[in-house]
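2 protein chains.
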Amino acid sequence: MTQDPEKLRQTLISWFAESRKRILAEMAKPLDVARKSNRNDLVTNVDKGNQQFLIDHIKADYPTARIIGEEGRAHDDTDISGLVFFVDPIDGTMNFVKQKAHFAVMIGIYRDGQPVVGAIMDVMRNEVLSGGPEIPVTFAGQTLAKLPDLPLKDGLLGVTGPMTIKNRLHLGEIALASSGPRMSGSAGMEFIEIALGRQLGYVSYLQPWDVAAGMAITKGMGVQFSREDGSPIDLRQPGVVVAATPQAHQTILTMMAGR
Amino acid sequence: MTQDPEKLRQTLISWFAESRKRILAEMAKPLDVARKSNRNDLVTNVDKGNQQFLIDHIKADYPTARIIGEEGRAHDDTDISGLVFFVDPIDGTMNFVKQKAHFAVMIGIYRDGQPVVGAIMDVMRNEVLSGGPEIPVTFAGQTLAKLPDLPLKDGLLGVTGPMTIKNRLHLGEIALASSGPRMSGSAGMEFIEIALGRQLGYVSYLQPWDVAAGMAITKGMGVQFSREDGSPIDLRQPGVVVAATPQAHQTILTMMAGR
Chain A
1 MTQDPEKLRQ
11 TLISWFAESR
21 KRILAEMAKP
31 LDVARKSNRN
41 DLVTNVDKGN
51 QQFLIDHIKA
61 DYPTARIIGE
71 EGRAHDDTDI
81 SGLVFFVDPI
91 DGTMNFVKQK
101 AHFAVMIGIY
111 RDGQPVVGAI
121 MDVMRNEVLS
131 GGPEIPVTFA
141 GQTLAKLPDL
151 PLKDGLLGVT
161 GPMTIKNRLH
171 LGEIALASSG
181 PRMSGSAGME
191 FIEIALGRQL
201 GYVSYLQPWD
211 VAAGMAITKG
221 MGVQFSREDG
231 SPIDLRQPGV
241 VVAATPQAHQ
251 TILTMMAGR
Chain B
1 MTQDPEKLRQ
11 TLISWFAESR
21 KRILAEMAKP
31 LDVARKSNRN
41 DLVTNVDKGN
51 QQFLIDHIKA
61 DYPTARIIGE
71 EGRAHDDTDI
81 SGLVFFVDPI
91 DGTMNFVKQK
101 AHFAVMIGIY
111 RDGQPVVGAI
121 MDVMRNEVLS
131 GGPEIPVTFA
141 GQTLAKLPDL
151 PLKDGLLGVT
161 GPMTIKNRLH
171 LGEIALASSG
181 PRMSGSAGME
191 FIEIALGRQL
201 GYVSYLQPWD
211 VAAGMAITKG
221 MGVQFSREDG
231 SPIDLRQPGV
241 VVAATPQAHQ
251 TILTMMAGR
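Protein chains in written order, with full-length UniProt numbering: chain A, 1 to 259; chain B, 1 to 259.
Be aware that a few hints might be false.
Chain copies aren't distinguished; within one or between two, either way the pair holds.
[What the hints assert, rightly or not] Straight-line distance between alpha carbons at most 27 angstroms, and here's what the computed DSSO-like set of lysine-lysine pairs gives:
#	residue 1	residue 2
1	K153	K7
2	K7	K166
3	K153	K48
4	K36	K146
5	K36	K48
For the record, the hints were derived by calculation from the structure and aren't laboratory data.
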């Protein structure tokens, strides 16, 4: 199958459309919710079913590609050479369970660790953000412009609850140094806000499938990505992600280092 | 003019439709932004223009009513006897300025301090939440059901950034005791989430016009309102607002008291 980024984008969008119908149909039935690592780390039958649906499509069209996904499979697959699909079947599972809104389906495609294309679907709003380094970024069919390089104090910052409230890595202070913190509970929703220019960044502790799509889409728009120490994001493992405009990114790293 | 709650609702909705057109037209022009009490307390020409537009309508139709609004007028009017309109012409001004989304127009109508009707418009989504103690609550034309009495641990809690990050009144700990904190930057957006059953509550420091509409709408749905010490909300002054399901409300007050 093709590895052309624009055609890959169209493939993802067509899978998402079918995936969305399945999710909405499942939402009409009682939900089966289980806990994973702690009381706020949930998985549902819909996460698992949608992961399997997406994996089946990937395996049928790209039999030699690697798949690294949130639920049920390939957690220990840390080889990211060749073509790799990072799959998050339901991003923001807590929102999915408690709100029936504000959750996403995300796929990021990388080749030898380099981004090719990413796609994020706001399921309930039926809006898809997609793009990559070699293709335009679009949202709900509209092409998006590059992002202005705002300093931290002049924009809103998406942050995660526990890290911010506990002021880990000074994230509470960093949030207060922005125009204001925002918390959505979904990495996918955060990257949509960033791409639309509504937030200058997002800081959280993320799994590879939480960040892969957003990084593939927004890096070329002018968003810088790193770990807390400035090192590049290694998609073989979870860790802190600092995604922000260059000016804000520098300020955040400086504050995280306690300087 | 009529004081029938259902007709008052229709009046508010018709004013909002006209107000929305004016706001969208103003948004096409350069914005004039000024700071009020601090760098994150903003007011724009659109706030002021829309306040005046709404005041003109209120004065024409209800010449003897009192008006308590955010911008430019009646700040010191602390008599809330008779018919009172609490007006927030742009709720979430920071979102309006930085995001061009996630902001609201809100009006709460009270008689002798008791709620009659409230209306909150998500301007960009063109969705209105409205209702009161004697009329159904509707969102975008659909009637909403009463809310289940969830305990704090089983639902998401909307909170404000500084209070939460600084753990004032233990709000950081309270947020972490819920299923997760959410921050939207707009009281109006928070009350829409509560009415839709997506959050079990909201805790913030609010002005009378920030809470009047949301309280008029959601109190009858089963949401309890008080100050941090359990005393009723006095709409003559700003203060901490704890709005939550009865079970969560009790837990929040207990935690705020440090017990």
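For this structure, which hints from the list above don't hold up?
-> 1, 2, 4
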